[in-house]
Amino acid sequence: MSTDNTNHQNPEQLEAQAKQIAGLLDDRAQRLSMRTLKQLEDGRARAVKAHQQNAGVSVNTDGTLSQWVAWVDHHRLAFAGIVLAAMIASFVMMQNFQTSETSDAFLLGADLPPEAFVDRGFEPSLNRHTNI
Amino acid sequence: MASSEELSTFLQGVERRAFKQTVYAVRDEHVALDIVQDSMLKLAQKYPDKPAKEYPMLFQRILQNTMRDFWRRQKVRNVWTTLLSSFTGNKDDGDDSWDPLETMDVGDERETPSSQLESSQTMQLIERAIEKLPPRQREAFILRYWEELSVAETAEAMGCSEGSVKTHCSRALHTMAALLEQQGLSSEYLGVKS
Numbered sequence: 001m002s003t004d005n006t007n008h009q010n011p012e013q014l015e016a017q018a019k020q021i022a023g024l025l026d027d028r029a030q031r032l033s034m035r036t037l038k039q040l041e042d043g044r045a046r047a048v049k050a051h052q053q054n055a056g057v058s059v060n061t062d063g064t065l066s067q068w069v070a071w072v073d074h075h076r077l078a079f080a081g082i083v084l085a086a087m088i089a090s091f092v093m094m095q096n097f098q099t100s101e102t103s104d105a106f107l108l109g110a111d112l113p114p115e116a117f118v119d120r121g122f123e124p125s126l127n128r129h130t131n132i
Numbered sequence: 001m002a003s004s005e006e007l008s009t010f011l012q013g014v015e016r017r018a019f020k021q022t023v024y025a026v027r028d029e030h031v032a033l034d035i036v037q038d039s040m041l042k043l044a045q046k047y048p049d050k051p052a053k054e055y056p057m058l059f060q061r062i063l064q065n066t067m068r069d070f071w072r073r074q075k076v077r078n079v080w081t082t083l084l085s086s087f088t089g090n091k092d093d094g095d096d097s098w099d100p101l102e103t104m105d106v107g108d109e110r111e112t113p114s115s116q117l118e119s120s121q122t123m124q125l126i127e128r129a130i131e132k133l134p135p136r137q138r139e140a141f142i143l144r145y146w147e148e149l150s151v152a153e154t155a156e157a158m159g160c161s162e163g164s165v166k167t168h169c170s171r172a173l174h175t176m177a178a179l180l181e182q183q184g185l186s187s188e189y190l191g192v193k194s
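First to last, the sequence lines map onto chains A and Z.
Be aware that the first sequence starts at 1, since it is given in our numbering, and climbs by one per residue.
Be aware that the second sequence starts at 1, since it is given in our numbering, and climbs by one per residue.
Just chain A, same shape as in the assembly (with noise of 0.2 Å):
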């Protein structure tokens, strides 16, 4: 490129020019054709797509189901053993439940009343008739 550099310009003025520049192609900027701009405007909404398909479904505004879902997605093994806490805390419950559903079968099918089993006193007063 055959230009000379050498000109009578201070830095600062060449600073003040190029921002000169700049705010008159910030203008021009302003004004494209509609073709371009619909263009652009498809171009967006596509990585916008893109976006929520990656940070997972953005519900709210402020984006907190995409911050939840992009924290998944990155701690994946803490979330597996969130998982797995979940899933034994869960079984124990279950165990816990059917143990004393079983009891109260337990309870209702036997010969004494179920008042016999409240009754603290019943059962060393039962183990001492039986032993005489």
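I should point out that these hints are in silico values taken from the structure, not numbers from a laboratory.
None of the values given here were measured: they were computed from a predicted structure.
Glycine included, every Cβ here is placed at the ideal spot set by N, Cα and C.
A couple of the hints might just be wrong.
[Claimed, not checked] Mimicking DMTMM-like on lysine to aspartate or glutamate, the simulated pairs with C-alpha atoms at most 20 Å apart in a straight line are:
#1 Z:53 x Z:156
#2 A:49 x Z:34
#3 A:19 x Z:147
#4 A:38 x Z:38
#5 A:38 x Z:28
#6 A:49 x Z:6
#7 Z:132 x A:15
#8 Z:42 x A:41
#9 A:49 x Z:38
#10 Z:53 x Z:5
#11 A:19 x Z:148
#12 A:19 x Z:153
#13 Z:50 x Z:153
#14 A:19 x Z:181
#15 A:19 x Z:131
#16 Z:132 x A:26
#17 Z:42 x A:42
[Claimed, not checked] Each pair of labels, with its calculated beta carbon distance range:
#18 A:38 x Z:5: 19 to 29 Å
#19 A:20 x Z:30: 26 to 36 Å
#20 Z:86 x A:75: 56 to 66 Å
#21 Z:86 x A:79: 53 to 63 Å
#22 A:49 x Z:121: 39 to 49 Å
#23 Z:162 x A:49: 34 to 44 Å
#24 A:27 x Z:132: 14 to 24 Å
#25 Z:5 x A:108: 51 to 61 Å
[Unchecked claim] If you only want the chain Z side, here are some residues facing chain A, beta carbon under 10 Å, derived:
#26 18
#27 42
#28 44
#29 122
#30 174
Following the hints, position chain Z against chain A.
For chain Z alone, kept in the frame of chain A given last:
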């Protein structure tokens, strides 16, 4: 992490400038649109977890890299075209040589009033001068003065040292001033006080 709304707002604010910057670099509107759209998509797909404040720098870096990819592909394509044309002897393959003037009138489809004719011509001269800048100087000039990135941010976006950015910017300013003076556009004409 930025929400989709923040991404949309950011892209809406930057897309026009990005398009014009790319047109200055590749000198083809269709290619420029592809590059900008591709860059938007890359930003959304590769950095969904980044905060919105990091978008300007990230987007510029993606845009510059996508332009470089385009140049690389273009270079390979040109080599093959030259090789093939030398074998076939086909002389009608002159379509790859761009005429920058063909893409100068972007967005100038509307009627310009006579009062705006002068400024429109001035803009064309400025745009032509920007297109004539060497790629790295143009990149530094646009990022520093149009995108208003700091020297450090420009260096990161360009993938070079801060010293190189200062050198590129200084050379770009001198080259631009010389080119504009050659076209009869002095700094006083542009409104810069001496």
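Task: Structure-inconsistent hints, enumerated in ascending order - done: Every hint satisfied by this model.
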